[in-house]
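There are 2 protein chains.
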Amino acid sequence: MPLTLYHSKGSSALAALILLEEVGATYTVVDVPIATGAHRGPAFLALSPKGRVPVLACPEGVLTENPAILEYIAATHPAAACLPAGAFAQAQARALCAYLCATVHVAFAHARRGARWARDPAALEDMRRMAPAGLQKCAHNLEEMLPPGGWALGAQYSFCDPYLFLMDHWLGALDVPIAEFPKLAAHARAMRARPATQAALTRDQAG
Amino acid sequence: MPLTLYHSKGSSALAALILLEEVGATYTVVDVPIATGAHRGPAFLALSPKGRVPVLACPEGVLTENPAILEYIAATHPAAACLPAGAFAQAQARALCAYLCATVHVAFAHARRGARWARDPAALEDMRRMAPAGLQKCAHNLEEMLPPGGWALGAQYSFCDPYLFLMDHWLGALDVPIAEFPKLAAHARAMRARPATQAALTRDQAG
Chain A
1 MPLTLYHSKG SSALAALILL EEVGATYTVV DVPIATGAHR GPAFLALSPK
51 GRVPVLACPE GVLTENPAIL EYIAATHPAA ACLPAGAFAQ AQARALCAYL
101 CATVHVAFAH ARRGARWARD PAALEDMRRM APAGLQKCAH NLEEMLPPGG
151 WALGAQYSFC DPYLFLMDHW LGALDVPIAE FPKLAAHARA MRARPATQAA
201 LTRDQAG
Chain B
1 MPLTLYHSKG SSALAALILL EEVGATYTVV DVPIATGAHR GPAFLALSPK
51 GRVPVLACPE GVLTENPAIL EYIAATHPAA ACLPAGAFAQ AQARALCAYL
101 CATVHVAFAH ARRGARWARD PAALEDMRRM APAGLQKCAH NLEEMLPPGG
151 WALGAQYSFC DPYLFLMDHW LGALDVPIAE FPKLAAHARA MRARPATQAA
201 LTRDQAG
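Chains as they are written, first to last, in my numbering: chain A, 1 to 207; chain B, 1 to 207.
Source of the hints: derived by calculation from the structure; they are not laboratory data. It cannot be assumed that every hint is accurate.
[Claimed, not checked] 25 Å max Cα-Cα, derived SDA-like pairs, lysine to any residue:
#: 1; chain 1: B; residue 1: Lys50; chain 2: A; residue 2: Pro49
#: 2; chain 1: A; residue 1: Lys137; chain 2: B; residue 2: Ala173
#: 3; chain 1: A; residue 1: Lys50; chain 2: B; residue 2: Val176
#: 4; chain 1: B; residue 1: Lys50; chain 2: A; residue 2: Pro182
#: 5; chain 1: A; residue 1: Lys137; chain 2: B; residue 2: Lys50
#: 6; chain 1: B; residue 1: Lys50; chain 2: A; residue 2: Ala185
#: 7; chain 1: B; residue 1: Lys183; chain 2: A; residue 2: Leu45
#: 8; chain 1: B; residue 1: Lys50; chain 2: A; residue 2: Glu144
#: 9; chain 1: B; residue 1: Lys137; chain 2: A; residue 2: Ala185
#: 10; chain 1: A; residue 1: Lys137; chain 2: B; residue 2: His77
#: 11; chain 1: B; residue 1: Lys50; chain 2: A; residue 2: Asn141
[To be verified] Okay, the calculated bits of chain B under chain A, using three or more residues with CB under 8 Å as the criterion:
#: 12; region: 60-70
#: 13; region: 73-87
#: 14; region: 139-146
The C-beta atom is built at its ideal place from N, Cα and C for all residues, glycine as well.
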């Protein structure tokens, strides 16, 4: 039974799309365009009451949340060697994913989806104004935290790399030049050079 | 070599403290009181540039982020059986942890730490006003998502339970009665009945 990725163009579901390509998974994509509100429709909410993409339908059931989906794809495709070995190395991978989902993605979301946390139009505008600086601070932290080697965890590509690659999109969307962050810029270039990334970007834009 | 938990009283480091007690780990606690700004001091920032607790110093290096720390504790203490078996069950555990750190904890943080995302005092006040409703929405989602069985993942206690137990603190801090959420209330009662939770709560308050 193949995997099914519920995806919306330009969303963070891109990371799963890249990793599915990278590991050579058998999968199909269902588009749930956020622009038309499809993620709030009854069909999608029946699948995932949180109303967010990505969702991955697996043989065993339905998975949500990028860190869980990405590590599951890596764990179930061991030949692709995208899951580091050992409890500590895996914990470091999860720490990076937690930072990306709970701090970096959240910093970005304040530019677009401030209505999750405030109501007053002036408050939403204040969040929007502050979002680029918040995301830049995250990018500075990542520059400090990333180990040498070029990939998110060092010398070897892992399930964290497609997730880190979203930085390229997030910074671009807030008009922050990624060139200010040499490690992130080199990472984005290395990601774009991979056929799996290119295939996923093409599919993402078709969605 | 024992583990060292960097902790602040009343913070989300309580989850790791509970799990360390639960698995019978050999560990020491270093208090980094947020109230005195110790988390912004050079000693702690040298350990963890993000300036957040919890941090777990392990034989192999330093770990940050609750989801990573909790699963590492479970994985390195297999006799305690706090890590579910199998790729899909583990992915579901990680999905719950990701929701707790990226959505639930973030919803709570808008009541106290809005300055991460806005500057205008009126915006911070708007966030504070809206935070209880945001956290209530998360609690409703958790009530829907939690499987039967009483624990975060079902019938068996896991590394997710101490993290879910923070809901009890977060709701209480925003004056939202946990009794409105029967599964969460029963979970909090079951957690409080465990000697490990009691020992951790006593240590937390001493910090």
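Right, here's what the structure says about each hint:
1. B:Lys50 - A:Pro49: It is violated: about 32 Å lies between the C-alpha atoms, which goes past 25 Å.
2. A:Lys137 - B:Ala173: With a Cα-Cα distance of about 29 Å, the restraint between lysine 137 of chain A and alanine 173 of chain B is violated, given a limit of 25 Å.
3. A:Lys50 - B:Val176: holds, 21 Å
4. B:Lys50 - A:Pro182: At roughly 20 Å apart (the allowed maximum being 25 Å), proline 182 of chain A and lysine 50 of chain B satisfy the hint.
5. A:Lys137 - B:Lys50: holds, 10 Å
6. B:Lys50 - A:Ala185: holds, 21 Å
7. B:Lys183 - A:Leu45: holds, 21 Å
8. B:Lys50 - A:Glu144: holds, 10 Å
9. B:Lys137 - A:Ala185: violated, 38 Å
10. A:Lys137 - B:His77: violated, 36 Å
11. B:Lys50 - A:Asn141: holds, 7 Å
12. 60-70: holds (count 9)
13. 73-87: Per the Cβ count (3), the hint holds.
14. 139-146: holds (count 3)
The structure fails hints 1, 2, 9 and 10 (numbered hints given earlier, in ascending order).
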